[in-house]
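Enquirer: Position chain B relative to chain A; hints supplied.
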Amino acid sequence: MKHVPDAGADRTFTEDGTTDRESADSLLSELDEYAVEQALRIAESGVDAEISYLTVGPEDARDALRKALAMGGDSAIHVSDEDIEGSDAFGTSLVLSRAIERHGFDLVLCGMASTDGTMGVVPALLAERLGVPAVTHVEELTVEGGTVSGRREGDSATVRIDAALPAVVSVTDRSGDARYPSFKGIMAAKKKPVETLDLADLGIAPAQVGRGGARSAVDTATRRPARTKGEIVADDGTGGTALAAFLTARKFV
Amino acid sequence: MAEILVLVDHTDGAVRKTTLELLTLARRLGEPSAVFLGPGADTATEALGRYGARKIYVVDAPEVQEFLVTPAVDALTAIAAGAAPAAILLPSDPDAKETAARLALRLGSGLVTDAVDVTAGPDGPVTEQSAFAATYQVTAHVTEGVPVITVKPNAVAPEAAPVTPVVEKPDVVFGPASAAVRVLSRTPRERGDRPELTEADIVVSGGRGVNGAENFAVIERVADALGAAVGASRAAVDAGWYPHSHQVGQTGTQVSPQLYLAAGISGAIQHRAGMQTSKTIVAVNKDADAPLFELADYGVVGDLFQVLPQLVEEIERRRS
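In order, the protein sequences belong to chains A and B. Numbering-wise (the working numbering), the first sequence opens with residue 101 and increments by one. Numbering-wise (the working numbering), the second sequence opens with residue 18 and increments by one.
Isolated chain A (complex conformation) (with noise of 0.2 Å):
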């Protein structure tokens, strides 16, 4: 999961590039909070399951982990390194992939994107580097006899896929909505387990990751200049003629 700049807030970027992280208040990614409520339906469901949460990021990403564990859950791993600041895809998936394999895994739940940088390429990363299936943008998920099962709408088709695993799934905020912690879940959550691991607790050169680490540059990041509000009239019977009469002078009619 992953600690982010809120989404309602004004996010901005550091001058070389990076997401600001100290612009705006941060939370637990709204879509990473899909893939704990799948985690814990799982665990409901009867399967025999622990549930562990990772995250990587600076001290303030256990309040990501804390909601979490608020949520249900029983331990969780930060992985925390100032070295990791300004690691792209690759980079975060190998810090990523390096602390699943430590923990050990049958099933890695992922959100279908973060809210920040909303590429969604983490999960397919993690299963390339774990060698694992991946499971992606599931709005159904089974788990049953060592198979995992979902399905997908796609843009031109929906797709069913199954997977054995041990596996990677990715699920959209369409799986269910998450739940809210209870008060007694934000008590339970204080007393569970935090491990939080260095780069060189997961074997990992410095050079392999952070800004140094990435395979790729910011050169510019530019405010777009807001849009300024155009003509907004008052419909006096008149509205849908008018918008016409606009619509033409823009050729769209």
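If you're looking for bench data, these hints aren't it; they were derived computationally from the structure. No incorrect hints appear here.
Pairs of lysine to any residue residues, derived as SDA-like cross-links and limited to a Cα-Cα distance of at most 25 Å, are as follows: (1) Lys296/B <-> Phe352/A; (2) Lys351/A <-> Glu213/B; (3) Lys34/B <-> Val183/B; (4) Lys296/B <-> Thr152/B; (5) Lys34/B <-> Ala19/B; (6) Lys291/A <-> Asp174/A; (7) Lys284/A <-> Asp148/A; (8) Lys296/B <-> Val353/A; (9) Lys351/A <-> Asp210/B; (10) Lys329/A <-> Asp320/B; (11) Lys34/B <-> Ser256/A; (12) Lys329/A <-> Thr297/B; (13) Lys303/B <-> Thr328/A; (14) Lys351/A <-> Val329/B; (15) Lys72/B <-> Thr136/B; (16) Lys303/B <-> Asp335/A; (17) Lys72/B <-> Ala103/B; (18) Lys303/B <-> Asp255/B; (19) Lys351/A <-> Gln323/B; (20) Lys303/B <-> Thr348/A; (21) Lys34/B <-> Thr136/B; (22) Lys351/A <-> Val173/B; (23) Lys351/A <-> Pro212/B; (24) Lys284/A <-> Ala143/A; (25) Lys296/B <-> Ala342/A; (26) Lys72/B <-> Pro182/B; (27) Lys351/A <-> Asp241/B; (28) Lys303/B <-> Val333/A; (29) Lys351/A <-> Lys296/B; (30) Lys329/A <-> Glu311/B; (31) Lys351/A <-> Arg336/B; (32) Lys303/B <-> Phe352/A; (33) Lys303/B <-> Phe346/A; (34) Lys329/A <-> Tyr153/B.
Note that the coordinates shown come from a computational prediction; the quantities given were computed from them, not determined experimentally.
Expert: Chain B alone, transformed into the frame defined by chain A:
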């Protein structure tokens, strides 16, 4: 000139417009070669050649149909090894983005996703992207390996540059991981007469204010009068009024048409992220404080059930 590989998006050989856009962009960077996976290459040859594909690599192995993503990665990896391309362009849909990511990892390459423009630069292709709900414009370039770039629809208008393509059928050895994710069934979406959401020049969307599945006919009539695709906000989709495949927004389809007409949509941040790069934005909403009016080039504060039928009537009157 170096080859630029373009992954063809098609259904049984019917090439999607996004592919023609990729070929057009590829010509700025080098000589385009199309990579065609699956059946129907014969049908596609003419269209690919018309938009400048000098070479077409065809891989029509059953693996490509039966399994997800990884067979395409195997094919592209093998073709890239032989062609030594200067860049690899793919569409920005979820499957192609995953293909691009795995391919880049295997090639030791950098990756840029969701480019809205690609131009030739001194250090290889320069990409342009939108960030943070389209409030930022970012330019970037890949610093390692063969640049792998996914490009969003409508980045460029397709320009024809006819050539006669050479067809090659490279041998691809599919690794064991290729058979990992089985496709159990594929149900094609029913296609109406309206243009596809991602490709349409005009999109007419309805939201909470439409207030019911049957009322979406009002939106569809405007769409048909303008030759537009129909979109819907997440609220309308969650309420079951319109299919999810039409959802416009950060987690739905991101559109960038010439005209975006939103009716009964207040404009939550997630919706704005999916349409904010539209060239002209029109909003119709009863609530004068709807955030979408802040972005609109033209807005009507009023009841969409009054405004839209009158709009259709006036369009028809002007046309007759």
